[in-house]
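Visitor: Guided by the hints, dock chain W onto chain U, whose structure is given.
Protein chains in written order, with this note's numbering: chain U, 1 to 377; chain W, 378 to 775.
Heads up, some of the hints might be wrong.
Derived EDC-like pairs: lysine to aspartate or glutamate, alpha-carbon spacing no greater than 16 angstroms straight-line [stated by the list, open to error]:
1. K303(U) to D379(W)
2. K14(U) to E4(U)
3. K436(W) to E386(W)
4. K26(U) to E344(U)
5. K661(W) to E369(U)
6. K608(W) to D534(W)
7. K661(W) to E647(W)
8. K436(W) to E400(W)
9. K303(U) to E381(W)
The set of hints was computed from the structure by calculation and includes no laboratory data.
Being a predicted model, the structure only gives us computed values, none of them experimental.
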Amino acid sequence: MDFELTEEQRILQKSARNFLTKECPKSLVRELDQSPDGHSRELWGKMAGLGWQGLILPEEFGGSQWTFLDLTILFEEMGKGLCPGPYFSTVLLGALPVLQAGTEQQKTELLPLIAAGKTILTMALTEPEGGLAPSGIQTRAEVQGGDFVLNGTKLFVPDAHLADKILTVARTGEGGPEGEGLTVFLVDSGLDGLSVVPLKTIARDRQCEVTFENVRVPASAILGGENQGWPVIARTLEYASIGRAAEMVGQAEAAMEMALAYTKERTQFGQPIGVFQAMQHYMADMWLGVHGARNLVYKTAWKASQGWPVGQEAAMAKAKAGLVCRKATTVSHRIFGAIGFTMEHDLHLYHRRVLCGDMAFGSSEVQLEKVAQGLGL
Amino acid sequence: MDFEFSEEELDFRLEAEEFVKQELPADWDDIVCHWPGGYGTMPQFESEYSDFTRRFLRKLGERGWHSLSWPEEYGGKNSTMKQAIVNDVLSYYRAPTGGLAMSIIGPTIVQAGSEELKREFLPKIARGEAVFWLAYSEPNSGSDLASIKTTAVADGDEFVINGQKVWSTGAHTADYAWMLARTDPKAPNHRAATLIIVESDAPGVTIKPIVNICGVHSFNEVFFDDVRVPKKNVVGEINRGFYNLVLALQFERLIVPSGAFRRVLEEMVEYARNNVREGVLLAKDPIIRRKLAEMAVEVEVLYGYYWQTAWMLDNGRVPDMEASALKLTSSELGLTMANVAVDLLGPYGVLDKGSKWAPFRGRMAVGYLDAISGPIGAGTSEVQKNIIATRGLGMPRA
Numbered sequence: 001m002d003f004e005l006t007e008e009q010r011i012l013q014k015s016a017r018n019f020l021t022k023e024c025p026k027s028l029v030r031e032l033d034q035s036p037d038g039h040s041r042e043l044w045g046k047m048a049g050l051g052w053q054g055l056i057l058p059e060e061f062g063g064s065q066w067t068f069l070d071l072t073i074l075f076e077e078m079g080k081g082l083c084p085g086p087y088f089s090t091v092l093l094g095a096l097p098v099l100q101a102g103t104e105q106q107k108t109e110l111l112p113l114i115a116a117g118k119t120i121l122t123m124a125l126t127e128p129e130g131g132l133a134p135s136g137i138q139t140r141a142e143v144q145g146g147d148f149v150l151n152g153t154k155l156f157v158p159d160a161h162l163a164d165k166i167l168t169v170a171r172t173g174e175g176g177p178e179g180e181g182l183t184v185f186l187v188d189s190g191l192d193g194l195s196v197v198p199l200k201t202i203a204r205d206r207q208c209e210v211t212f213e214n215v216r217v218p219a220s221a222i223l224g225g226e227n228q229g230w231p232v233i234a235r236t237l238e239y240a241s242i243g244r245a246a247e248m249v250g251q252a253e254a255a256m257e258m259a260l261a262y263t264k265e266r267t268q269f270g271q272p273i274g275v276f277q278a279m280q281h282y283m284a285d286m287w288l289g290v291h292g293a294r295n296l297v298y299k300t301a302w303k304a305s306q307g308w309p310v311g312q313e314a315a316m317a318k319a320k321a322g323l324v325c326r327k328a329t330t331v332s333h334r335i336f337g338a339i340g341f342t343m344e345h346d347l348h349l350y351h352r353r354v355l356c357g358d359m360a361f362g363s364s365e366v367q368l369e370k371v372a373q374g375l376g377l
Numbered sequence: 378m379d380f381e382f383s384e385e386e387l388d389f390r391l392e393a394e395e396f397v398k399q400e401l402p403a404d405w406d407d408i409v410c411h412w413p414g415g416y417g418t419m420p421q422f423e424s425e426y427s428d429f430t431r432r433f434l435r436k437l438g439e440r441g442w443h444s445l446s447w448p449e450e451y452g453g454k455n456s457t458m459k460q461a462i463v464n465d466v467l468s469y470y471r472a473p474t475g476g477l478a479m480s481i482i483g484p485t486i487v488q489a490g491s492e493e494l495k496r497e498f499l500p501k502i503a504r505g506e507a508v509f510w511l512a513y514s515e516p517n518s519g520s521d522l523a524s525i526k527t528t529a530v531a532d533g534d535e536f537v538i539n540g541q542k543v544w545s546t547g548a549h550t551a552d553y554a555w556m557l558a559r560t561d562p563k564a565p566n567h568r569a570a571t572l573i574i575v576e577s578d579a580p581g582v583t584i585k586p587i588v589n590i591c592g593v594h595s596f597n598e599v600f601f602d603d604v605r606v607p608k609k610n611v612v613g614e615i616n617r618g619f620y621n622l623v624l625a626l627q628f629e630r631l632i633v634p635s636g637a638f639r640r641v642l643e644e645m646v647e648y649a650r651n652n653v654r655e656g657v658l659l660a661k662d663p664i665i666r667r668k669l670a671e672m673a674v675e676v677e678v679l680y681g682y683y684w685q686t687a688w689m690l691d692n693g694r695v696p697d698m699e700a701s702a703l704k705l706t707s708s709e710l711g712l713t714m715a716n717v718a719v720d721l722l723g724p725y726g727v728l729d730k731g732s733k734w735a736p737f738r739g740r741m742a743v744g745y746l747d748a749i750s751g752p753i754g755a756g757t758s759e760v761q762k763n764i765i766a767t768r769g770l771g772m773p774r775a
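Just chain U, same shape as in the assembly:
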C-alpha cells in the first residue's frame, strides 16, 4: 500500500499547477466565461504541446501512455486552476470510449488527431427527461440502406458547439433491463440536420442542446457494435464520475485555501477571525470532508488504472465529492462574508463549477441510489 504519488506523478502535478497558474489566470477564466464559445485555442494548443490531450493514449497513437490515475492528478489540478475548455469532454467522453471500444480503423483515424489537439470530441447521452438510465433514450437511429438516420434531442451535451465529432447514443433496437437496443454512433458535427444550441449555465461551462433531424450516418460510424452501446456508456459514466469528482475536489481545495488565508488576515474585534472557534470548525470540517473524498477518488482511480470494475467505488467517490465539495464552497462563502458575494471576488467561480460538477453524470442523489443497488438493497 502506498498513499503517496510517485516522483513522476509529483512532477506531473507540479508542472500542471505551474502551467495553469501561468497560462490560465483568473482573467482568462473570466474572459472565457463571457466569450462566445468559452474556448482558448491558444491554451488548447499549449496543452497539446505538453501532451495533455494524449496523456493516457497509447504511444502508437501519439500519446504518452500514462494511467488513468495520472489523468486524475491532472483533473484535480484543472479543478484547482478552473481550467476552461473541452479537455474533459475530448478525453473522457471521446478518446477513452474510442480507445476502449473502437475498431482499429476508428482508433487510427481519431486518436492521433486527439493527441495532437486537432480534434475535439464529446458525448451526447441525456435527453429532455433528464435521466441517465438506458430506458430514457428515445433518440432513434433507423436503418436506411447501409446508413442510419438519427432523430431526437439531446441535452446537457458539454462542448457540442466545439466538437468535431459527437458520440451519440441512440435506440436501434428494443430496450431491456441491461440497456439492450442502444448503439453509440460517432457523428460528424457538421452533418445536415444536426444543430447545436449552447445552454447558459451558471458554471459557464458550455452545455448544449443538440437536435438530430434526419441526420444520416454510415454504419462505419458505429462505436462498439450495434445494440451494444450501453456497456460503452456505462463505463464512460464511471470514468467521467471519477474525473468530475477529482475536479470538484481540486475546486474545493482551492476555495478552502482562499478561505483559510482569509481567516488569518481578516481581523474583526481586534483579532484575526481565525481565532474564533466557528471559523476553526468550519475549516476543520471542510478539510475532513474534502480529504476524505480525495482518498476515495484516488483509490477508485487507482482501481480503474488496474482495469478493475469500479462501478460501486465510482458512485461512492462521486457522491461523497459532490456532497462535501458543495458544502466546502458554501462554507467558504460563509467565511468570506459579503465580500465573497461579489462578482469581482473569485470564490463564486469555484462555487458555480462545483455545483455543475455534482449535477453532471448523476448527482450525489443519483450516485447514492447506485450505491444502494450495489449493496443489494
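Guide: Frame of chain U; chain W shown alone:
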C-alpha cells in the same frame, strides 16, 4: 499510489480470521454488546467476562499480535499495517482487543521510556498480561487536561500521589494506571506534569464504580490517598509528561473499531432486505436506501483514513491531522449510524437488551445510547477539530 495489500498481508488477514473464529465462543454474538465508536460498551472492559478477555488477550499475546507495530528490537514486527489488519478483523467480530496497552502504552514507552521501563513493561504488554487504564481526566479537568490537580510529590526514590481521577474506563479490570500527575506546583501547566505508571492495587487506591447510561459499569472514580510509586515508573522525564502525553493521545486516536462499523452496516443491509414495514420492504424505501448508501460511503471514508494513518506511521510520516480525522470520523459515524439504525428498526429500535422482540438482542438500542460517548471520549470532536484547525491548518489561537 497503491491501494492493494501485499500477499503477506492478505495471508495474515486470513490467519487472523481463522484465529478469531476458533477462539470466540459460539454464542459470542449473544453475549457481546458493542457499538462501534462508543466507549461505554467495549468488550475488554466488561467485568462480566473479564476472565475470558484475559485468556483471549494472552492468546493474542502468544502470537505477538499486541506488538506488531513495535520495532523489532522490542519484539515487534515494525508493522502498524499488520496491527491495523488484526484490529480490523478483531473488531469485525467484536472480539476483545489489547486496546490501550498495545496501542498507546506500548508505543509511548518505546518512544519515551527508559531502558529499565521498557524491560519491565514491554514484554508483559506484548504477552497480553498487562492491562492498563488511562488516568487522565479529573472532575475539573477534561478537555483542559493540562489543568489537572492530582499531585505526585517526590519522597526519596518514590513519588507520593494524592488526588482523584474520573471517567476511568476499565480501572476496575486493569493492572496499572497510566497517569498524568502534577509534579511541579509552580510551573505553567504544560511543564508541570509527569507521566507515571501506578499499580492499580497499590495501597491507597480506591476505585468507585460509575454506571454509564447504557447501564454498564465501564468507568469509575479513582481516589489516590498517599499512594507510593517508585520513581522508576516515570515515563520519560519528570515535568515533561505533557509532551509525552501528546504522543500517547495521538496513538489513542488510532484505536478505531473499523471492522465493527463494517459489520453493523452489513447487519443493517441484511435487516432492510428481510423486513417489511407497512407493507413495504424496508430495502425498497427510498429514504432507507439513501441513508444506508450514505453509511456505506462513510465506512469507506473511515477505512481510507484508517489505512492511511497506518501507512504513514510505517513510513516515517507524522499523521497529526489524519489521526484526528480518523478519530473524528469514527466518533461521528458511530453516532450517525446509531441514529440510522434505530430509524431502520422503527419502534423495535427502543427494545432493550433482554427484551422479547428486540432485534439484534437490543444491541442497536443500547448502541444509540453508547454512541453519545464517541464524540466525547478520547478527545472531544470539538477538540479534534481545534487540532485540525490550529496544529494542522495553522489557524491562529485565541
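Visitor: Need the list of violated hint numbers for this structure, in ascending order.
Guide: 3
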